[in-house]
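Q: The lines below spell out each chain.
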Amino acid sequence: MSTLDFNAELAAAGANVRSRWGAVRFFIRRYPLGAIGGVIMAVFVLAAIFAPLLTVYDPLSTNAAASLAKPSAAHWLGCDFMGRDVYSRIVYGARISLAVSLGSMLLGSSIGVTLGLLSGYLLGWFDLITQRVLEMMQSLPLLVMAIIMAAALGPSLHNTILAIAIPLVPYVARVIRANTLSLREQPFVEAAKAIGMSERRIALRHVLPNTLAPLIVLATAQLGSTILTESSLSFLGLGVPEPHPSWGRMLSESAAEYVRTAPWLVIFPGLAISFVVFGTNLLGDALRDLLDPRQRS
Amino acid sequence: MGAYLVRRFGLMLVTLFGISVLIFVLLRLTPGNIADILFDAGGYVDPADKARIEHQLGLDKSIPLQYADWIGGLLHGDLGISYQTEKPALEEILPRIPITARLAAIALSFSILIGVPLGVISAVRQNTILDYFLRVLSLSGLSMPAFWLGLLILMVFVAEFGTIPIYSDQPTGFWNTILMYSVPAAAVGFRSSALMMRLTRSSMLEVLRQDYIRTARSKGAPEHKINYYHALRNALLPVITVIGIEAAFLLGGLIVTETVFNIPGVARFLVEAIRWRDYPMVQNLVMFIAIVVVTINFAIDMLYAAVDPRIKYGN
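Sequence order for the protein chains is A and B.
Numbering-wise, the first sequence is residues 1 to 297 according to this note's numbering.
Numbering-wise, the second sequence is residues 1001 to 1315 according to this note's numbering.
Since the hints were made in silico from the structure, they are not lab data.
Here are some chain A residues the structure puts well away from chain B; computed CB gaps all over 12 Å: (1) Leu53; (2) Leu54; (3) Ala69.
Coverage of chain B stretches by chain A, computed from C-beta distances (three or more under 8 Å per stretch; other residues unrestricted): (4) 1133 to 1142; (5) 1147 to 1156; (6) 1250 to 1261; (7) 1267 to 1274; (8) 1281 to 1291.
Quick caveat, the model's predicted, so the values are computed rather than measured.
Cβ atoms here follow ideal geometry from the backbone N, Cα and C, with glycine treated the same way.
Given only the sequences and the hints, what does the whole structure look like? Please build it.
A: Written out as structure tokens, the structure reads:
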């Protein structure tokens, strides 16, 4: 039987992590795919923030002379049928995707966490009714619910965020509720009650922080699906309207018509979406393995 | 078992009822109704005319009354009249259902036939290069928007054959039909197979960690028997429930794929109806989708209960 190298094993499990930088190095070594995902996410966020510095052309200005221009030194990724620079529209499109996905995820999560906590804590008829309503919402596919909400509210940036946030609520609420139910039975909650802490204080200061781990895992997974849902909505004409440059809408404008004549209109926006969602999925998988191995998939 | 069945069925009906209320209320949130759209096109709004049209279409009744009308009609098989085409809604929906059903069936078979074996291989060869490759492949499959994959396939078709695959009502022969559906089904099925692969892999890994697997191995059972006789049979149980999740996943993909490939199915019809604010149509279509998803999940639950002895013989 071979001897175990204890120091190496401990190091691999992150025992000697002393600083934040050490923690980052540990993460990269242990979850290389997750680190790649993190880099992709960072590129995405930085591109969104520093869009004006990274582009030369205005994403909204048209130029009939450059209509359907092929990728060249002047226009790195070519132009669309209105002569708008594709590269600029993709970089500025990152802003839209980031805004919608972050906005809907934060909104959906806050409502979901509140409902889940209340539901898991109060139980009784509140729990019963809430759970039934959430179950009904989950019966419909996410995209279908988002489509209905988007159609009901009308196409605008804010309505798109709302239309994607609301269908997310049941997913978050159920995870938080399950966690709350199990955490309530923990000895430290009992101890807190025994010293006379109010229920509300226990919920906010003891139970809620312990539900953060599965929430983070869920949130990173949601980020990817919100981006996909937003692009699908925009593709169908129900999402972010003109003049915002949305990756999904760029694909619908260029659909079957230009497939033959201008393939760059089809390839690059889709590549942007896939790339970013891929990054969120990689990061999400790694975070899940790190924080909540029970959810491993 | 019988009581379980009855309880689940009752729950299913309550869920469907709740969904119908939800849909109905959501669609009434929007300011303006079909009468507004009709008049927008015309450009001039005469209040008397508008009132007449609203009365004709039943839009001036109170919301609960409109809902009661709809549900009453539904239970009698009368789905109302389409605002757009002025034909009975049922007549519009029924011919489109088989098209989507065929597409969904082929896509689902595709995803099971490819996803499950790859998931098993990935689990059995965990942490090898093959496993990493398959995991990255499935992850990229899940990251691609379904409509983009459809557009890419269109592009390849145009480059290779000079034409896009055109859906036709009268295809010649059985194999031509399969071929015609296969291209869009592949676009939808690729994402579903990625999901199936991941879920099969995790389920399989879960089972392979169990003690009885280790026991079988220590008794000297050959590796392939362990993997396929002991492990896979137990790993397949959760995969059955996964098919229920797949149904919902597929429907979302079908909506955009039918739009890309211009296939006159139920899913694309939903988008068209929404664009027209055609309430009866949207309500009925979404109810139809809800009924399909809920029924499939119910059937899956029953299948699971029949197959898993722990549920069958009492809880």
